[in-house]
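Quick note, the sequences are listed as chains L and G, same order.
This note's numbering applies: residue 1 is where the first sequence begins, and numbers increase by one.
This note's numbering applies: residue 1 is where the second sequence begins, and numbers increase by one.
If you are wondering where the hints come from, they were derived from the structure by calculation, not from laboratory data.
Misleading hints may appear alongside valid ones.
Far from chain G, by Cβ distances over 12 Å, these chain L residues were calculated [stated by the list, open to error]:
no. : residue
1   : Q2
2   : Q6
3   : Q14
4   : R17
5   : I20
6   : D31
7   : E42
8   : G60
9   : S69
10  : A70
11  : P79
12  : P82
13  : D84
14  : V87
15  : A99
16  : T111
When the alpha-carbon atoms are kept at most 35 Å apart in a straight line, the in silico DSBU-like pairs for lysine-lysine are as follows [what the hints assert, rightly or not]:
no. : chain 1 : residue 1 : chain 2 : residue 2
17  : G       : K57       : L       : K71
18  : L       : K68       : G       : K9
19  : G       : K9        : L       : K5
20  : L       : K54       : G       : K9
21  : G       : K9        : L       : K37
Under 7 Å between C-beta atoms, here's a sample of chain G residues computed to sit facing chain L [as the list claims (entries may be wrong)]:
no. : residue
22  : R55
23  : A56
24  : G108
Since the model is a prediction, treat every value here as computed from it, not as a measurement.
Here a beta-carbon is modelled for each residue, glycine too, at the ideal position from N, C-alpha and C.
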Amino acid sequence: DQQVKQNSPSLSVQEGRISILNCDYTNSMFDYFLWYKKYPAEGPTFLISISSIKDKNEDGRFTVFLNKSAKHLSLHIVPSQPGDSAVYFCAASGVSGSARQLTFGSGTQLTVLP
Amino acid sequence: DSGVTQTPKHLITATGQRVTLRCSPRSGDLSVYWYQQSLDQGLQFLIQYYNGEERAKGNILERFSAQQFPDLHSELNLSSLELGDSALYFCASSVAGGQEDTQYFGPGTRLTVL
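With the rest of the complex left out, here is chain G:
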């Protein structure tokens, strides 16, 4: 158990809909990261928040957005969903995001878009 929690574990929805994925970081961690893992692919970095502020953006679509709240939990919002958005979405957290800062991953949310 990494100490990172994600809800829900599974989500099934239809094209065009909007969903929200939630992540609670490990106690004491200030940085939260979101990744997408599509079928047979590696983890693609989406976005990072540090202490409530956006710090880095990766390959995140404009239809996707995220935020980190004062209690440090984070939400990833996916809108106008398409079939290709079906994937595993992982959240990770780390202390601060420094060089030797290890990211610890949650169990993931499996999103299926029908």
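Only chain L is shown next, with the shape it has when bound in the complex:
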């Protein structure tokens, strides 16, 4: 039972254009969401996050949008750069039992073409 889904395994965009990565979740108890970027042979790197009380958070070229009613979030990268080529993981945080846990999606491989 995948509680966090990234339905697009891959995405290609041209340099300078917008990249939009999508993520859907099913558990309404999730209250904090994060995006991580992962390069080959490295660990995931935190990119940006959003609390469930907000619908948008922006950090430079990266913006995360949250639509709670649709249980959907998206990451926008504008403008996209070749160095942004990586696997992007969406993660949702919620309390399970007495502790908080992160549940990850399966990732989207973003390729930015020069």
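Position chain G against the provided structure of chain L, taking the given hints into account.
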């Protein structure tokens, strides 16, 4: 560099063997998390420790165990290894494990079971 270190980077062993993976969290972080990433899959949460105590368990097999020591480093022990245990194992750390607590990941240990 996230400040989380993991050793070894690579490990090759045979079925039925036992291995120990080591993780040192970022300075000041009390929580340590272990994740498994199998081929083409997202990160699966295994277990969390907070200040030496087990706090949460995810999809961790009974053949696997972990502990966190007084100096806050953690070890993940994998025993009676099977071919299917071949994966990347990541350690992450965070300050305390609260709602807006970001997890920072180490570079991972790649385990190959032959």
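Hint check results:
no., hint, in the structure
1, Q2, "9 Å, violated"
2, Q6, "8 Å, violated"
3, Q14, "26 Å, holds"
4, R17, "26 Å, holds"
5, I20, "20 Å, holds"
6, D31, "7 Å, violated"
7, E42, "6 Å, violated"
8, G60, "17 Å, holds"
9, S69, "21 Å, holds"
10, A70, "21 Å, holds"
11, P79, "26 Å, holds"
12, P82, "22 Å, holds"
13, D84, "18 Å, holds"
14, V87, "10 Å, violated"
15, A99, "4 Å, violated"
16, T111, "16 Å, holds"
17, G/K57 to L/K71, "25 Å, holds"
18, L/K68 to G/K9, "39 Å, violated"
19, G/K9 to L/K5, "29 Å, holds"
20, L/K54 to G/K9, "39 Å, violated"
21, G/K9 to L/K37, "20 Å, holds"
22, R55, "4 Å, holds"
23, A56, "4 Å, holds"
24, G108, "5 Å, holds"
Taken one by one, the earlier hints fail for this structure at numbers 1, 2, 6, 7, 14, 15, 18, 20, listed in ascending order.
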